[in-house]
Every structure is written in structure tokens, then in C-alpha cells.
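Undergrad: Take these sequences, add in the hints, and give me the full structure.
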Amino acid sequence: MATQNTSMSSLEADVLVIGGGSTGAGVARDAALRGFSTILVERRDLTDGTTGRFHGLLHSGGRYAVKDPSAARECIAENRILRVTAADCVEDTGGMFVSTPWDDPEYGDLFLDGCRATGVPAEEISVAEALHREPRVNPDIRRAFLVPDAALDPWKLVWGCVRSAEEHGARILPYHNVLDLEVDGDRVVGAHVRSEQSGEEFRIRARVVINAAGAWAGQIAKLAGCTVNVRAGMGLMIAMNHRLVHMCVNRCKRPSDGDILLPLRTACVIGTTDVFVPDPDQTEIRQADIDLLLDEGEKLVPGFRQARALHAWAGVRPLFEDKAEVADTRDVTRSHALLDHSSREGIAGFLTITGGKTTTFRLMAEAAVDAACQQLGGPRACRTAEVPLAGSENHAMYRIGHRLAVREPVPQAEEIICECELVTRGRLEETIRQRDTTSLDDIRRLLRLGMGPCQGGFCIYRATGILHEGGHVDSAAANQTLLEFLDERWKGLHPILHGDQLRQARLDDWIFQGILDVEHLPG
Amino acid sequence: MNYDTVVIGAGLAGLTAALRLTEQGQRVLVVARGVGATHLSPATLDVLGYVGNTRVESPAQSVASLVASTPDHPYGHVSEAQRGAALAWFVTRAATALGYMGSVEENLLLPTALGVPKPAAFAPRTMAGGDLRAGGRFVFVGFKGFKDFHPTLIAGNVARAGLAAPIAARALELEPPASGRGDLSGRVLAGRFDTEQLGDWLVSALEGRVDPDERIGVPAVLGLRSGDAAWQTLEQRLERTVFEIPTLPPSIPGIRLFNALTSALRAGGARVVLGVRAAGARVEDGRIEAVAVTNATGTVSHPTRSVVLASGGFASGGIELDSFGVTRETVFDLPLAGVPDTDHVHFEPGYFDSQPLARAGVPTDDLLRPVGGGGRPVYPNLHAAGATLGGAVPWKEKSGTGISVITGYAAAEAILRPAPVPMSESAR
Amino acid sequence: MNYLIRDSLDHCVKCTICETYCPVSQVTPLFPGPKYIGPQAERYRGAGPSPDSSVDYCSGCGICTQVCPQDVKIAEINSRARAKLWEKRGIPLRNQMIARPTVIGRLGTPVAPIANWALHNRAVRRMVQRVVGVHRDAPMPSFAGRTFQRRSRTHHGPAGAPAVVYFHGCGTNYYEPILGEMVVAVLEHNGFRVVVPPQDCCGLPLQSNGNFPAARTYVRRLVGRLVPYAREGLPIVANSTSCGLMLKREANEILGIEDDDLKVVSESMYDLCEFLLRLHDRGALRTDFASLPLTVPYHAPCQQRGHGIGKPALDLLALVPDLTMIELDADCCGIAGTYGLKKEKYEISMAVGKRLFDDITASGSDTAACDSETCRWQIAHGTGVTAVHPVELLYRAYGLGGRRQPGPVPAAHRATPVNG
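Chains as they are written, first to last, in the working numbering: chain Y, 1 to 523; chain P, 1 to 428; chain C, 1 to 420.
Worth double-checking, as some hints may not be accurate.
Listed below are the simulated DSBU-like cross-link pairs for lysine-lysine, each with C-alpha atoms no more than 30 Å apart in a straight line [to be verified]:
{"#": "1", "chain 1": "Y", "residue 1": "K491", "chain 2": "P", "residue 2": "K396"}
{"#": "2", "chain 1": "P", "residue 1": "K144", "chain 2": "C", "residue 2": "K354"}
{"#": "3", "chain 1": "C", "residue 1": "K343", "chain 2": "C", "residue 2": "K88"}
Partial list, derived from the structure: chain C residues whose beta carbon lies under 7 Å from chain Y [what the hints assert, rightly or not]:
{"#": "4", "residue": "Y3"}
{"#": "5", "residue": "L4"}
{"#": "6", "residue": "I5"}
{"#": "7", "residue": "T28"}
{"#": "8", "residue": "P29"}
{"#": "9", "residue": "P32"}
{"#": "10", "residue": "G46"}
{"#": "11", "residue": "D52"}
{"#": "12", "residue": "K88"}
{"#": "13", "residue": "P92"}
{"#": "14", "residue": "Q96"}
{"#": "15", "residue": "G224"}
{"#": "16", "residue": "R225"}
{"#": "17", "residue": "Y229"}
It is worth saying that the hints were derived from the structure and are not from the lab. Virtual Cβ for every residue (Gly too), placed ideally from N, Cα, C.
TA: Structure, rendered in C-alpha cells:
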């Protein structure tokens, strides 16, 4: 807890949102749309926490229909809303639950009952039809059900919210770390933050502070002397080089590890695991978990282990549990929790919204801002269920062939910098200018530069050259950002490096070290 | 068709071995899945550039001490005399079209496409003019629409290379005549130098803009079929030193080298078949009697007296690691060295850390024959060359093409003159 | 099998080698190259139709797959993407027409003189270009008037001799029956009885124009004719190297046909020169060649190289005294089956073939050798030389035409310029 320090500069707002994931971005948008002046701070880049590391499943609710009916109901309601309001972030892949030979076919009946009871549309189809839709799925499946799962692009979602919020006057501050919360007597009055890029420290004064820090919410709450028991459940994901499936394919059984395989833009993702970790910033990928995911993948898609594993990463999901110890983090509800600290600990002006999942982010944001309204002069209508995000106004859902189609009729009319992900020079230069960033890693998240099969083998040299030519960095800084990119991408490569991806990595070694000799760049 | 030798792999090692054998009168068949790494690598002859983090000035000297301290290095299986003979043969007989310049006694320092001075023993004459050791003034020239060359960054880094002789560098970006393409590949650009006399345009674009003492560095795209005609035109008409700088694949100089070697092979009566896969051997009495090659319909057996395995390392699929952590040599299932003993391969978390499998490859005797337990050759008439051999980290030590040429030549020599070399004569 | 082709995109390490060899992307920006259209774009193709029309500019030459060091089935991926594209758009009449050489053959043969006059008449060709979309200058062969099938009905080989089945293809049947007769003569000279079953088109033009269902029908019908012989263990020889490759590999890899009958036929299928060279390897090829003092440039068609058998034509012709074959190294003549006939692709096709044309012209020879009929017609069109199948040189060297010296070339093989 910090005492007042009047010598620092300060910003002011009605609402200060801590956390730049889907929840925080959603809260900032909702608050701004309701006319509150809003500031959002995020310690790293937007989506750096859980949101940027999940598999992108826009739940139909089928996964929770048996075990967690309230979560299922929320999911289907939000699924319908997001398909319209965030259309550009959603690809209508559809979803399928299948009973593999390792799954009890009778669970399918429980599944159907659960879906019916929670309002999740589910339809059983023949195995033949399932295999016709998804020729790579295990031909020995016994049952199959269609549900309206979809694939959500979390980056587009968050930036869509953030753009929306900015259009309504919000200030979004990534790379700003909350050092402390300012408490004046029995209320939180603001935060003491530091810009990670400039080192400048300043205060933000706010009438209400909303803690949307996800798996880190407990750490933030502690700064105000409040207790929030958020447990970090680490989940491993492996991206496979191409879409082995075009729909979100789930195992029809009690939810457990490695039971989802779904498209994620040009790749597909197998996930996930759930391992309690004491520190959400310490996630180590274990070989046993890699093997588990590959084996589960093999059950869903025979030949999975021969397919090319592109990248592995871990995210931490925030699991809020108000009671004491819980044995298996999977038993904790995936519904969200809104904590009003004025009633819990007598600290006003401070709310925590935690738990939940990205699918229900809008609902969580609505709950949080509704609660904030009580401390901001009275209720104001929430419009996020109706107003489309910037970019989704025409309600046209994303199509995978989009980047390919826009290149026609002359596919090489302009330079394509990242060929795997079809990022043009114009788009790259525009992004560098607009986002005012010189980190290739940030650019990677924004544009998917370097996220394709060659993992930057060709495009990183080009992008570095363009950054330098544009005068954004000097040669020393250009070299540095290239080397950092290489180190950063290696983190996601080395846990799954085998087969085709090892071949690629070796070719990339030849390019970076053998041809370009990056190891001996001048400082 | 009966062949004297079947060479598996059409990379630099395979083509070197094949050409040496063909030149000495053998009937040679080269089979390969596809074109090899010649098309990807800069075509300089990199004998040895670094030992650890120390840059090598004299490959001749440093190789000798390297081989003494790491006898498993591929160079350790080839005598010093033969190493020299291989390079001399390659430069003066095999690849004359490229006009290699340099010497095994001292490395050139040529700027990479990032502006880093990189050691090379020999470079094609179109590239040799970029030697940074003498210092001086440079202008690097890029082409609008060609994204694989960034002269401003090259100039920025070259100027800070920290070499003994001072260097000044600047950059120029030129716009070639319109071609209807906004995205020029190196291959297309090189083709334009061949067919559209782009060299004339470049001369007029540079005339009057380059000081007499400035050397001109351009991307290595100055023509493919026309050899170094465009480069010669530039030097003659501009009266300046012009040098090509290799960049990301495709490597136009590498393609020139491939074309030169395969033409020579064809002229010598060798047969090169691409798009097929070597898939094992028919063995009788412990010798390989035929190589099985899979093509459009099935498998054909090619009877042969000797075999050279030059299928490359991990990058070309000559060696592979599966998802269970098992490493395999993919044609003959030969024993491998340099493979960790653990269940899975654990890579180190830093990209530049020393990584497992870097030195993995097929161990051989001094006739470059793959060996099994006890150091005995697996087959008396099977030899290996190039990246298939273990014991080196060529992309770090800058020795890839050197190893390919030297071991390719040595494998051919071992077939041509199979008398065992007494231990005392192989310099270790 | 369907997914094994698509899955091979996983092997792509973006090395660009395929792009350096693609003859089409070298001459036109309308085709961005095999890496782009193949393994790269395939990641963007969902379950539905292909969003990229530039895939149609792939000529299907298959060089990309041959040079790929990582076993990516690039040409096959492109082929399939093109089929999906046309499935969505509907195949235009022109493509349907030129994809059915049997239909054209049956229509043109009975009225050969008129048909030939029309196909080589400038005014008619201009109209055809406007209405149908076949370029007015695209090389067209001449109908022979009497098909090879009909001629073979009245020909009986040596009874009791070991049999070999002859898959002659549409080109030989309708346009070059004399070539077919030469093939039979060469095989009989080597002690075989040549069986010529009734047969139809292999479906390759349908496949390359994206009509997979029709192509599969054709393949199955043809396989039905050939399989009884294959099951008896008889070899099948094809002088059209592209048709031979269709049955050896493409019908399975591109069309996805897994029938056992096709497999049996594939395994019995030989390119003609491949078959003759194997005879030679066993010491069973007659080498009673007379001197043939010619210097002839040889172009191995893209699809011949796709067999992965080397260049048996060169090895065979090396046996003929005084005959010097020049091995050309240009990659593609440009015709790519029916690709170069199309008005929007003709210029591209001629630009692709230019290097080959120049190399042939530079050789100074008035004859060139090439194993594929459409390539021969393109070469003749682009250079004016006479283009022959390698077996014709063997035929002449054997003296089977009754002459021991090279004589005037039969009309069917001459380049027929557009006149009138």
C-alpha cells in the first residue's frame, strides 16, 4: 500500500482497468461505451497473459453441458452474441464431439441430455457423415455430435475491444506495470505505475479500480490488502503446421487433458493440460505433457505423431476458488467470479473480476462494469451485446482463405514479407507506424509474422531490414531485435523439435548462422 | 544399366564425388530426392571460419590443429595432402566456370547480407572483390522490389565491423525498370540480367554516383545462364570493383555451381536422376550389390560396384528424429554417432546455446566408410560424404562447403584407389 | 490417400528450390510459383472451394515435385486445388472440349481432310479463338484419317511369340498412327507379338483441366481394358510418356483412385524406351543397327522425367553407330498438354518454351527427338524442325522402313504451319 505522493505526475479517470487480456479489454470497452473515462494498464503487451495463449475455442457450451451447467448456459449465450458483435474475430468452423474407441459411447447420451437441459444445440450425426466432414478423424469413432463451436481469434478480439474503447475516449497503456495501489483510508483511489519502455513512473487516480489481471489477480488484490484466491492452472498447447481438422473436434467424455483439436488460423491446436503452478510467471514445459498431447492427438487423428508440430506454449488459466484447498483444479467451476471488495473487506472503489474463460469475457465485463456503476453514480445501460466491435460492423465472419483471396488477381503485386502468413510490406510498415513498436516479437503477435512453418526463417531478416530502413531503429537496435526474436521463438520450438520442424530449424540455422552469420553481428 | 558407382544425393558432396569418379572414367549414376543444398548455400568454399568464437585467419593451419584436437571431425578422416588436392581440383577443374579465387592459406572476409564479415577460403570471382580485410569505402546497392537484400543495414553493420583497416560504407536503393511485378524473387531478377540486359540499366543507374575508390556491393543476382557476363560488364564499364553478396535462398551463385557441375557430369556420361528415393540395398556376402531406388511406380534395383552416401544431415532428411526421440539415418539405417543417450532429445533453452544433435552423423573410417560397432565398415563398398558425416557443426564453424568438397573428393578417391592408407600417412 | 498429398505440405521448409525451377512463374507474374500455390496456399484452403484463381496458371508440368528435396507433392497439391476451383466455378466449354481428345478424334477423323484444312486455316482459327478460346496460333496436329486402332485390326504379329501390350494413347491413334506402326515394328523386330486392345483416353487432359470425376471414369474404363493382360503378367508399353505416367502414378496420387485393378496395371506399365532399355540390360535387345550419321538434340519431356527412370532414350540411342544425341537441359517446352492451347496461356507457353526452342535452333539440326506428342507438336511449332519420337530413330537404324539411310520424313510428323 502506498501513501500519497504529490510530487509525481498523474492521470485521472473514472475507471482504471488493470489487465490487458480479454477481460480487461472487455471491461475498458464496456466502461467507455457507457461514457466513463477509462484507462487500461497492462504490464506487457496486450494478450500477453492467458488470452494470447489459449486455443481459441469459442465454446458452444457442449464441453460443460454435463459437468458445469451454469458455465454451459453462459457459453451458448455468449457464443451467439459474439458471432454477431465480434464476427470478424470468429470463424464459423462448427464443432463436433466424437466418441473414440477410448471413450464410453454412453457418455454421448449424457452429453445430449446435458445439452438439451442447458440450451446448447447438439445433433447426433452418423459416423459416415462425421468422417466425410473430417476425413482425418479416427475412422473407428463410434458416435458423433455437431455443436456450434467456433474458432475465436483472441488477438483480433482484444484489439477490436481496445480500438472500440479508444474510439470512445479510453486510454490504453500496454507496457505499464502496476507497482502499487493507492489506498486512502477505506478506499482504493488509484495506482502507481511505471512505463516499462521509458522507465517513467506516475500515478493514475480513478474512482473505481477494476482488477482484471486474470491469473495475477491475487497479486494485484494484495496491493490493496485484499485476498483473492486465484490458482494458476497451467495448460500446454501444441500448434500443428496445418489444419488436420477444419472443425473444433472434441472427445465426447468427461473433460480432461488433450481432448480438443481445433483450427487456429492456418494451424490447428491440440490441447490441453491442467497443472497447478504456484507462480503464473513460471511455466515449464515437461516432456511428459508433450507426449501426452501427442498421444491424445493420435487417438483423434491417426498419424498425428507424423504430422508436423510447429510450436508449443503454455498458458495459465485463472481458477478462482473461494473455499480452501481443492484437489484437482479441473473440479473448480469455470464460471467467473465478481468480487466487490467493499462488501468483502470493506475497501471501496475496488472490484476484482476473475475466473471465467475468454468465451464469456463480455459477460464478465458487463458484470464488472454493472458493479462499478454502483460506485459511479448509478446504473447505465450496457450496450456490448448489441454494438459490434470495430471491424465487425458488417457481421461477416472470418474466413480462412481471406489472406489468400485478397492477394488475387496478381498475387505478387507487392512484396510479401512473411510468405507463410502472407504479410505484405505495406501492412508491416503500417503496423510499425500505427503501433509505434520496434519489437519484432510484438509485430509477430499483431500480424502473425514468423508464425508459420518457417518460424521466421525468411521473414525476420526482411522485417529487420525494413525496420532499419524506415529509420525506426539504428543498426545496433535492429541487430538486437533480430537476436531477441530468434531467442523468443526458440522457446516455443525446442520442446517439440522433431521430424519436419527439426529439419526446418536446421535449415534456419544454416540461414541465420551459415549465411547471415548473426552470431557475429556487431553490438 | 550397370554402374560403377551410385551416388545418393545431388548436393555439393554428392556432385563432387560423382564428378571426380566420372572424370576418372567411371560410369556413375546420381540419384536424389530433389535438388540439393547447392541452391541454398552461398557457393563460397568455406573450409574453416571459426574455432569456437575465434575467427580463423589461416584455414590450412587451423584445420591441422582442429583435427588434432577433434579427430572425429570429418577433416580428420582425410589426409592434409588430400584436403589440398580436393580443393585444388575443385577450383581448377570442377568449377572453373565460377572462377574461384582465394587460398587455403588465408581466409577472405566477405560481408554477409547482414553486413557481418564472414570468413571463406575461396569465393567465385563475382564475389571475391568484397574482401573486407583491406578496408576501404563501400557502397551497397539494393533494388526496389527485391526484399532479400537490405543495403542500409549492411552498410550500418559493415561500418562497425571492428576490423583492423578502417571501413566507410553507405547504401543506395535503385528502382529497376518496371516488370509488372511488385515482388521480385532472386531467380526472376537473375533471369532479367540474362534476358533483358539489366546490366546495362545498372551501369547507367550507377554511373556518376560512385566514387573511384568505392567498391560496389550488390546482391548475388547478376544473371544465371549468362554466367558472370553481367558482372564483367559492370566492372569494365564502371571501372570499379563490383562484388556480389549472397543472401537468403535461392542462392544464384549456388545454382550456377550446380549447373556447372551437372553439365560436366552429363558431358562425361554420368546420369543424374532427380525425384527418386534411395531405399536400401541388396546385400550379398556383406557387400552392397545393388541400390534400391523408388520411383513413380515402384522400386528399381541398380547393380553397382560402389556406393557414395551423400544424402545430407537433418536439413535434407538424410538423418531424422521422430516424435519418440529416435534418430535414424534414412537410407541404410546406419549407426549414428553424436546422438544423446537419453529417452528424448532435450534441447537447451537458449537459441545460441550448444545444442544436442549438432554433431550427429554417420561415423566413418579413414576411407570414409560408415562404421558400426568395433569401428569396422558396415559395408566394404559404401562410402559417405558431406553433411551425413557427423563430428562438426558446419554452420557455426563455417565449414559446410569445405567439408562437402573435401569429403566428396576423398570418397571418390577411396573408391578409385582403394589401397588402405597406412596410419602414419594420415595426418591427425 | 486423399490426405497424404495434402499432408506432404508439412515437409515444406520454404527453401524456394521449386520456385527457381518453375518455368511458368519465371515468365509471368500471374502465377506466383509452386511454393506459394502449393504447400503455402494449401494451409489457407478450408473444406470449401479454393479462394485463389491464380492456381489455374499452374501448367501441371510437375517439375516442382521432381526437384523438391523434401518430398512435398507440390504439383499434385496444385492439381487438386485447381480441380476444386473449377468445381466451384464450373468448367468452361473450351476446357471440356480440349480435355476430350477421343471426342475430337472421333469427330475429326471421318472428315480428316476438311478438318485439317479448317484447323490450319487462319480465318477459322481466329473465329475459334474468339468463340472457344483456343489460341489461333496454338500448335494443332493433323488428323490421320485412318486411326491406328483400325490399322492394327488388319495387322497380325508372329504367332507364339511372347506378347507385350501396347497402350498407344490418343495422339498415336488419331494423329500419328504411323508412329504406332513403327513402335509395333520395333517390338516385333525384337521378337514380340504386340497386342493392341481396344482402348480410349487415359483421362489426363480431363484431370489437368480440373474435371476429376470424368477423369476417373476414363481411367477406370481404360484400366478395365488393360487389366486382364496385366493380370496375366504381360508388360504394357506406352509411347506417350505423359499417358504412361498418368497410369503409373497420377491416377492414384492426384485422382485418388485406389482400385486394385489400377495398381496392377501401374505395376505392369512401362515407358517404351524404359522397356527397350530393360531388354538391353538383359541382353535381349537386338543391336543390329545401321549407321545413322545424324546429330539430334533430345528433349526429355517434364512428364518423362516424372517417371524417375533417367533418360533411357539416350542410353538406347547411344547404341546406334554414328548417331550423336545432344542432351538438352532446358526444362519445359511450354505446351503442358492442353495448357498452351488456351488463348490466355498461349503467350506464357511460348515464353516458357523459348529457351528450348533457341537451344534446338542453335544445334543446327533439322530434327529433334522427344517422347511426348504434344511436346513434339510444340517444338515443331516453335522451331520449324521435325520432331520425332526416339523410337523412330531406332526404327530407321534397324532399317525397318526398308531404307538403310535416313529418308524423307512421313507427312504425319512434319510441322504443319498455319496457312491460308
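Undergrad: Tell me the hint numbers this structure goes against, listed in increasing order.
TA: 5, 6, 7, 12, 13, 14, 15, 16 and 17
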